[in-house]
Structure formats: structure tokens, C-alpha cells
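Participant: The opening position of the sequence shown corresponds to residue 16 in this note's numbering, with each subsequent residue numbered one higher.
Any given hint might turn out to be false.
As the list claims (entries may be wrong) - Cβ-Cβ distance ranges computed for the label pairs, FRET-style:
| hint | residue 1 | residue 2 | range |
| --- | --- | --- | --- |
| 1 | T44 | Q67 | 16 to 22 Å |
| 2 | G114 | Q58 | 27 to 33 Å |
| 3 | M65 | T44 | 27 to 33 Å |
Because the hints were derived from the structure by calculation, they are not lab data.
Every residue, glycine too, gets a C-beta built ideally from N, C-alpha and C.
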Amino acid sequence: MRALLAPLALLLTLWLSGCAATGAPAAETRELSLAAPPEQAMQATLGLLMEQGYVIRHADPGLGRADAALARWPGYRVRLSVIPEGEGARVALSATRGGQALPPHLLDPLLAALQVRLGLAPGFADAPP
16 MRALLAPLAL LLTLWLSGCA ATGAPAAETR ELSLAAPPEQ AMQATLGLLM
66 EQGYVIRHAD PGLGRADAAL ARWPGYRVRL SVIPEGEGAR VALSATRGGQ
116 ALPPHLLDPL LAALQVRLGL APGFADAPP
């Protein structure tokens with residue numbers, strides 16, 4: 016009986032270690048430093064995501080984290096982190112679709128819209144009225 020248990024235990028260990036090693040790669044983040052306070056950056060980003068059709072699945076402003084999912088096809092999922100940085104904040108976004116990481120450059124339009132929303136877009140102050 017013992018002779019049977021040792022190989023079975025080894026097989027089970029190998030099987031479980033294989034399951035742990037086959038996870039999806041982590042999504043790359045796209046970051047933007049803002050001169051806005053973290054609370055303002057968080058609220059502005061959440062508002063922008065909702066306007067663009069995302070459903071906020073989880074948000075914790077105290078921790079500066081949120082998860083949102085696009086309510087229509089193709090079903091993107093965005094993870095948001097807001098990190099205090101000096102007088103301002105750094106906003107970090109990553110996106111997945113179907114559990115697969117999306118290229119981070121796809122988040123650039125969201126970050127550009129966030130800059131405009133907060134009045135921090137490059138050249139925004141120099142724009143003619």
C-alpha cells in the first residue's frame with residue numbers, strides 16, 4: 016500500500032504545481048502623473064469610465080483602487096489604481112479582455128480624456144477661448 020501512496024503523492028504534487036504555473040500574464044499598466052489630488056483623480060477617472068459605458072464593479076477610494084467592465088461587446092475590463100505622489104497623484108490603468116492582457120497603448124485615449132477633464136491637458140492653458 017505504501018508503495019502506491021508515494022507515486023500518487025508525487026503525481027498529485029506535479030499536477031498541482033502545473034496548475035499554479037499556467038496563469039495568464041499580468042496586464043501591463045499605463046501611468047499618468049497628475050497635479051490633481053488623489054481623491055479628485057479617482058472621482059474624475061471613475062466618472063469618465065462610466066460615461067464611456069463601463070460599469071464600476073468594485074471601487075475603494077480609500078485604497079485608490081477600482082475595477083470596471085465595459086457593459087457592451089467586446090467586454091473589456093479595466094483596473095484602476097490612484098497613488099498619491101507629492102501634491103498630486105499617479106493614475107495607473109491596465110486592461111484585459113477575456114482574461115488576456117491588452118496592449119497598454121489602448122488606454123492612451125482614456126488618459127488623454129482624463130487630462131482634458133481635469134484641465135491638465137498639454138497646451139490646455141494656452142488654448143484660445
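Participant: Looking back at the numbered hints, which does the structure fail to meet, lowest number first?
Facilitator: 3
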